[in-house]
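Novice: If you want the building blocks of each chain, they are given just below.
2 protein chains.
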Amino acid sequence: MKIAVLGTGVVGETIGSKLVELGHEVKMGSRTANNEKAQAFAAKFLGKTTAGTFADAAAFGEIIYNCTSGMGTLSALKMAGAVNLNGKIIIDLSNPLDFSHGMPPTLSVVNDNSLGEEIQNAFPESKVVKTLNTVWCGIMVNPAMVNNGDHHIFMSGNDIQAKEKVKEILLSFGWKLPNILDLGDITTARGTEMYLPIWLRIYSATKNGAFNIKIVS
Amino acid sequence: MKIAVLGTGVVGETIGSKLVELGHEVKMGSRTANNEKAQAFAAKFLGKTTAGTFADAAAFGEIIYNCTSGMGTLSALKMAGAVNLNGKIIIDLSNPLDFSHGMPPTLSVVNDNSLGEEIQNAFPESKVVKTLNTVWCGIMVNPAMVNNGDHHIFMSGNDIQAKEKVKEILLSFGWKLPNILDLGDITTARGTEMYLPIWLRIYSATKNGAFNIKIVS
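Protein chains in written order, with the working numbering: chain A, 130 to 346; chain B, 130 to 346.
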């Protein structure tokens, strides 16, 4: 499948590498066509990946992974262009973390709104599915690295078929079907984004970001 | 031990009943001395519990459990009176859930503040320890009811000795020592309070509030 990975940070690189490993064609998008990290990524997987602007990548991809940092997400997607995003699934991995007031970061949107919703509202013709934003990127693409893969991941989105497709992708990443919890429509992204503050405190207390939560009942 | 339970709702009743079972003397406090629920609770455990105002209960207790609803917590503690709270541990089980905008509730304080901190700031001579606010009250006092008690509970507070005492109490409730995670000072209550939105969405998706999370790494 042709896939756009927007964002050249460690999340974009990790997701992009996994997608290449799974046999997909990846175009990594960034603010400028000659971004060094995107070029290096494309060179690393020569013939299987390319690099370009956000718009280049979004035009190329049948599915779009938003791996940009939360504070830059809306401007990045605006640069990608609605015309290149319309009708497509946007898998949103970002969190609205605001580092401008020091550490730990706060959230730039909370309570009665979320970044997932802001994306959906800005691009009503796209199908936004928020997922994977509750774990470190190493676990995103390799859930088996902790507890034999027995822990939970969440999904939020308005489009049932888009969520079914994303579920297939999560399965291909190694997530187990009973551990993929569909929380409901995109407003439930408020829950997973507001989970970040406790994630950050657990990380700080344990000095280990390679963890996840398993729901027990 | 003489203990004050502030709040006559299901959390106060559940905590109070467990404390009586463990052999403690409990005084349940409420806004009025003749609160029906507090009277009924006292009558249920005749000779082991009494009822009174918030101030009566706080004056009686060597340790204070704040089981009031979050939006009423600060006014309840003000009625309890600093003179009756000074030097004592306040175990804060509340969450700043604001139901005034409909369901699910939002949080009245987020990001760079928390209810736990507001209590600590309002009563600087008390030792606030935030804990148990991430689970349904049935699990608070009976963690063994899910996954053989193997799941996590958090603590936030500025006073090391107070947290050691609260750890003993959690052990007496059935929590396992390796599963009691001290997140740090009272500002880390921001993390556990902001966990509530995802708790509420998991509850809504699974129709089951008798769950908790186990950290796996």
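Just so you know, these hints were derived from the structure itself, not from any lab.
Honestly, I wouldn't trust all of these hints.
Which copy is meant is left open, so a pair is good if it fits within one copy or across any two.
[Stated by the list, open to error] Okay, derived cross-link-like pairs now, DSS-like style, lysine-lysine, Cα gap no bigger than 25 Å in a straight line:
1) 296 x 217
2) 173 x 147
3) 296 x 336
4) 166 x 343
In this text the structure is predicted, and so the values were computed from the model without any measurement.
Novice: If the cut is 25 Å between Cα atoms, do residue 166 and residue 343 qualify within a copy, between copies, both or neither?
Specialist: neither (34 Å within a copy, 37 Å between copies)
Novice: Measure nothing new, just compare the shortest in-copy and cross-copy C-alpha distances for residue 173 and residue 147 to 25 Å and report within, between, both or neither.
Specialist: within (13 Å within a copy, 61 Å between copies)
Novice: How would you label the pair residue 296, residue 336 (within, between, both, or neither) given a Cα cut-off of 25 Å?
Specialist: Result: close only across copies, 21 Å inter versus 31 Å intra.
Novice: How would you label the pair residue 296, residue 217 (within, between, both, or neither) given a Cα cut-off of 25 Å?
Specialist: within (16 Å within a copy, 50 Å between copies)
This entry does not satisfy hint 4, going by the numbered hints stated previously; all others are met.
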